[in-house]
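Make the full structure from the sequences, and use the hints.
If you're matching them up, the sequences are chains A and B in order. Take 1 as the starting number for the first sequence in full-length UniProt numbering and just add one per residue. Take 1 as the starting number for the second sequence in full-length UniProt numbering and just add one per residue.
Hints were generated in silico from the structure; no laboratory data involved. Wrong hints could be hidden among the right ones.
Given that identical chains are not distinguished, each listed pair holds provided it fits within a single copy or across any two copies.
[Said to hold, decoys possible] No farther apart than 27 Å at their CA atoms in a straight line, the calculated lysine-lysine pairs in the DSS-like style are these:
# : residue 1 : residue 2
1 : LYS157    : LYS339
2 : LYS227    : LYS270
3 : LYS316    : LYS225
4 : LYS169    : LYS86
5 : LYS275    : LYS253
6 : LYS82     : LYS169
There are 2 protein chains.
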Amino acid sequence: MRYLDKQSIEYIAIGAAFLGTGGGGDPYIGKLMALSAIEKYGPVRLYSVDEIEDEDFFIPSAMMGAPSVLVEKFPKGDEFVKVFQKLAKYLGREKITGTFPMEAGGVNSMIPIVVAAQLNLPLIDCDGMGRAFPELQMVTFNLDGISAAPIAITDEKGNIGIFETIDNKWTERLARTATVEMGASALVSLYPTTGAQIKKSGVHNIVTLSEQIGEIISSKNRDAKDKLEQLLSLTSGYELFQGKITDVIRETKGGFNFGKMNLEGIEMNKEEQMKVYFQNENLLAEKNGQVIAMTPDLICLVDYETLLPVTTESLKYGKRVRVIGLPAHPKWRTEMGIKTVGPRYFGYDYDYAPIEELISKAVASHV
Amino acid sequence: MRYLDKQSIEYIAIGAAFLGTGGGGDPYIGKLMALSAIEKYGPVRLYSVDEIEDEDFFIPSAMMGAPSVLVEKFPKGDEFVKVFQKLAKYLGREKITGTFPMEAGGVNSMIPIVVAAQLNLPLIDCDGMGRAFPELQMVTFNLDGISAAPIAITDEKGNIGIFETIDNKWTERLARTATVEMGASALVSLYPTTGAQIKKSGVHNIVTLSEQIGEIISSKNRDAKDKLEQLLSLTSGYELFQGKITDVIRETKGGFNFGKMNLEGIEMNKEEQMKVYFQNENLLAEKNGQVIAMTPDLICLVDYETLLPVTTESLKYGKRVRVIGLPAHPKWRTEMGIKTVGPRYFGYDYDYAPIEELISKAVASHV
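Right, dumping it as structure tokens:
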């Protein structure tokens, strides 16, 4: 167990936004929410997965919907706890051991910290994705047959819904339509989970990894190249492209941010092109017309100089970025993982190939 | 208290479909559901509103969505009880005194009978509309500030939702989107209500009135004119038009059946025209271009010969019908009532005028 202080929270927000691959919310908004909570309620305890008991019981907290909308309707701050407690009551559970994030992301890493602070509960060092994904059955717990429902959902106005469903895709469908009706973004508590289930099916140490990434990105007096090397070494990642955003096509539809961006190569990629496709999260990257990375592997955009993560809602014409690719958690590279979040699920006509293979193929064809 | 036998149920289904003004479901389907339930579980007790206690507690049961879809996905029969009990459990109520219909209609008058039979609960002789309306805030209880929520909703697949909301229009919005996602029709339990609330805010004796109407319509060896006279006398109604359906424009959208029909006059209305506009229910009738009846007054279509009610999903080219208008329950003719279900709410550019006035105006202009 260790305490998360203000510094840790700043690092986690940045690192989680990096792992959020464009989605999971703006780290600046996320950070403000969490800092204001720990200022008021004191620091939050972070427990590693080894430190929890099998029979402990947890409820994650998250935001659902189009991240671009959240920017405009900043939550009041009591909705997180409200929806968490609603689900606990519905489950007939007096005692909830703690909470944890569903996904990495600038906001979705911070909401559980707000809940943990307000209710004086531990935060567990795990999540259900190891990155961010747009739909709520895209969770490692789902791969092991764990139900997302019952799920509680609320909006900033005070409306509440609870769903119990026949499978996690129905939970996604019903929670998504409610989210859209509530104004395209909502707060949820879902995947109520035991300690044993977290140990077996969660993505472990993600909060700590986010913090380490955030610390590297935030370190002063070092140049981008130096920081990047350390970042790639920590995450087994690749620098896929250096470019300038020349075009962004974007649409908020059905509670998602859909879109596509074009990048024109700069520096090491002069005269080259990249296209990145996204649905809240970056899902597929093509370099000079060839696929170079695809979901579930991570496609992370960062500012060219500062390496600060660039979310899909903040894409801007002319912005200079680096595109970084990371291998997905092994749970996503299974047959069931690929079926759930692979390129074909999102409508891209490709069989999944790991980023390591795509990179070596690209290098070979270049020689 | 009296028992509802098979004969009563047949009458109620027909009479309620008449009061359903085109909506509320097909009485044939409704009747089959209720008859099969009382065959299996025995007859149902009907209590008048005078016989209940103020502190008794009731949960109504109903179908929500486009009636035309229900025809295709006939419920299995256990969903009604499931959603009823889910809401009871959510409310933390061990004992529910009984159930009652939300609205008149061929199916929505019968669903509470199924629940009453299966759970051996009394049915109360009241509803929340005295007719049918398409949205769930269009209920006399709402006029007195009674909340529709918590509401439980289910589909034939086994998905369940519960909503608690800030007002009844939000309940309508969230339950409607869930209904649409569930396949455009769903089952709901809502407006949990005390005996005192029923006494103050319900539409009383509607089950008995439906039964009387159904009995008149079903009576053998009498001609249509004779039966019609008795029907109009019982309901303070008017025969607005005799005509043949020449055109029906219909669309299922957002969990509603929207549409418009044209009628060409026959017999007493030769050379005349009528247009009837509907959203599940018939809402506005124009005779020769002049409004002759409008919501909340009832516009009921019946077969020209048999007087059997004609629902909006069974409108057919060439069908010969009579259009009958009835004054709405006085609760709907208040300022709040007109605001909630008057012509302007549905987008018609008319101030509400009672059918009695419109009829005398039409007669005067004819003289």
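Against the structure, the hints:
| no. | hint | result |
| --- | --- | --- |
| 1 | LYS157 - LYS339 | between (37 Å within a copy, 24 Å between copies) |
| 2 | LYS227 - LYS270 | within (22 Å within a copy, 88 Å between copies) |
| 3 | LYS316 - LYS225 | within (23 Å within a copy, 74 Å between copies) |
| 4 | LYS169 - LYS86 | both (22 Å within a copy, 22 Å between copies) |
| 5 | LYS275 - LYS253 | within (21 Å within a copy, 37 Å between copies) |
| 6 | LYS82 - LYS169 | both (25 Å within a copy, 22 Å between copies) |
Of the numbered hints stated above, none is contradicted by the structure.
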